[in-house]
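Q: Required output: the full structure, derived from the provided sequences and hints.
Numbered by UniProt numbering, the letters in the sequence shown go through residues 1 to 338 in order.
Please keep in mind that the hints were generated in silico from the structure rather than gathered at the bench.
Each hint should be verified, as a subset may be incorrect.
[Stated by the list, open to error] Below, simulated DSBU-like cross-link-like pairs (lysine-lysine); rule was C-alpha separation at most 35 Å, straight line: (1) 258 / 278; (2) 289 / 53; (3) 227 / 237; (4) 95 / 67; (5) 313 / 227; (6) 41 / 60; (7) 313 / 95; (8) 95 / 53; (9) 46 / 131; (10) 53 / 67; (11) 227 / 41.
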Amino acid sequence: MKVTIDNITIEVEPGTTIMQAARQIGAHVAPPAMCYYEPLKGSGGKCRACLVKVTAGSEKDPRPMPKLVPSCITQVQDGMIVENTTNPQVLDARKGVVEFLLLNHPLDCPVCDQAGECHLQDFAFEHGVSKTRTIEERNTFETQDLGPYIQLNMNRCVLCYRCVYTADQVTEGRVHGVMHRGDHAEISTYIEKAIDNDFSGNVIDVCPVGALTDKTYRFKNRVWFTKPVDAHCDCGKCSGKVTLWYRGDEVIRVTARKNEWGEVQDFICNTCRFERKKTSDWTIEGPMKVARHSVISANKYGGSSIKPAFPLKQAAEQYKQIDDNRDRSFLEPQKQLK
1 MKVTIDNITI EVEPGTTIMQ AARQIGAHVA PPAMCYYEPL KGSGGKCRAC LVKVTAGSEK
61 DPRPMPKLVP SCITQVQDGM IVENTTNPQV LDARKGVVEF LLLNHPLDCP VCDQAGECHL
121 QDFAFEHGVS KTRTIEERNT FETQDLGPYI QLNMNRCVLC YRCVYTADQV TEGRVHGVMH
181 RGDHAEISTY IEKAIDNDFS GNVIDVCPVG ALTDKTYRFK NRVWFTKPVD AHCDCGKCSG
241 KVTLWYRGDE VIRVTARKNE WGEVQDFICN TCRFERKKTS DWTIEGPMKV ARHSVISANK
301 YGGSSIKPAF PLKQAAEQYK QIDDNRDRSF LEPQKQLK
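A: What follows is the structure, encoded as structure tokens:
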């Protein structure tokens, strides 16, 4: 089965979604995702951040689809042609999605622990606008403790449902969900119950914004000042494969490992996440692989490992020899230093 995305044609398996096909091509073609999370069944179709234009439905029926479609839940057809970054209508729609997601989102990036890892922050920088058209008051909520390790800041939530799917599919029993409807919808626990099962900490990792935060890490450091390393241990509950975040010699945070799309590869238990904060508890494998464009790559791994390729290339292309034939005969010769 063949599909063409932004003038790049690839072979895919039947049942593949447009999002999955685009990711096979590369990050430069893959649409952004705020609610889609490949390891979680049923995720996607909530935020509309990944809308694309299908200019040809299939080889048998080449008519274009009349509206933009969410790439995370739309399966490809043989001969389908999709426009993502090359379609102005798609880019305009994403600007609208960013504006919608930021209607009630507070501007607290300077104090938010998710800064530097926030998918909404990246989405807004890539597709948003610098101004807002709203003057109404934003919906505000009080912070809530959802157990001994998790704090909920509902002001930042974008209702992606990732934490709900994680609790359904990873934990033994879900005690939280989306309450109410419309602009009154919010994440909350059932009758003030606490989230305290062995895998509850995974809702922190899947949250794309800073709505669900680790109470043992809050306000301890900025992510770009920490040093992430991959490590593992023998754990009877989970895989034991984690990322340790160091501040000096101190482990200030433990998270599950994530792939290039920011999705957890193996969910970990609360014992590994919250209770094993000593280097002696782990077998260190080496520095975590950090994407070059990520702010996490700053201030670590040595300056010589990061080459400013773009400015060097730009300087080489635009270099011009200066023609300076001015008369210098009146200048006194400089004294030679001994």
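Q: The structure should be examined with respect to each hint, and the outcome stated for every one.
A: So, going through the hints one by one against the coordinates:
| no. | hint | verdict |
| --- | --- | --- |
| 1 | 258 / 278 | holds (21 Å) |
| 2 | 289 / 53 | holds (33 Å) |
| 3 | 227 / 237 | holds (26 Å) |
| 4 | 95 / 67 | holds (16 Å) |
| 5 | 313 / 227 | holds (30 Å) |
| 6 | 41 / 60 | holds (30 Å) |
| 7 | 313 / 95 | holds (31 Å) |
| 8 | 95 / 53 | holds (15 Å) |
| 9 | 46 / 131 | holds (24 Å) |
| 10 | 53 / 67 | holds (7 Å) |
| 11 | 227 / 41 | holds (32 Å) |
Every hint from the earlier list agrees with this structure, and none is contradicted.
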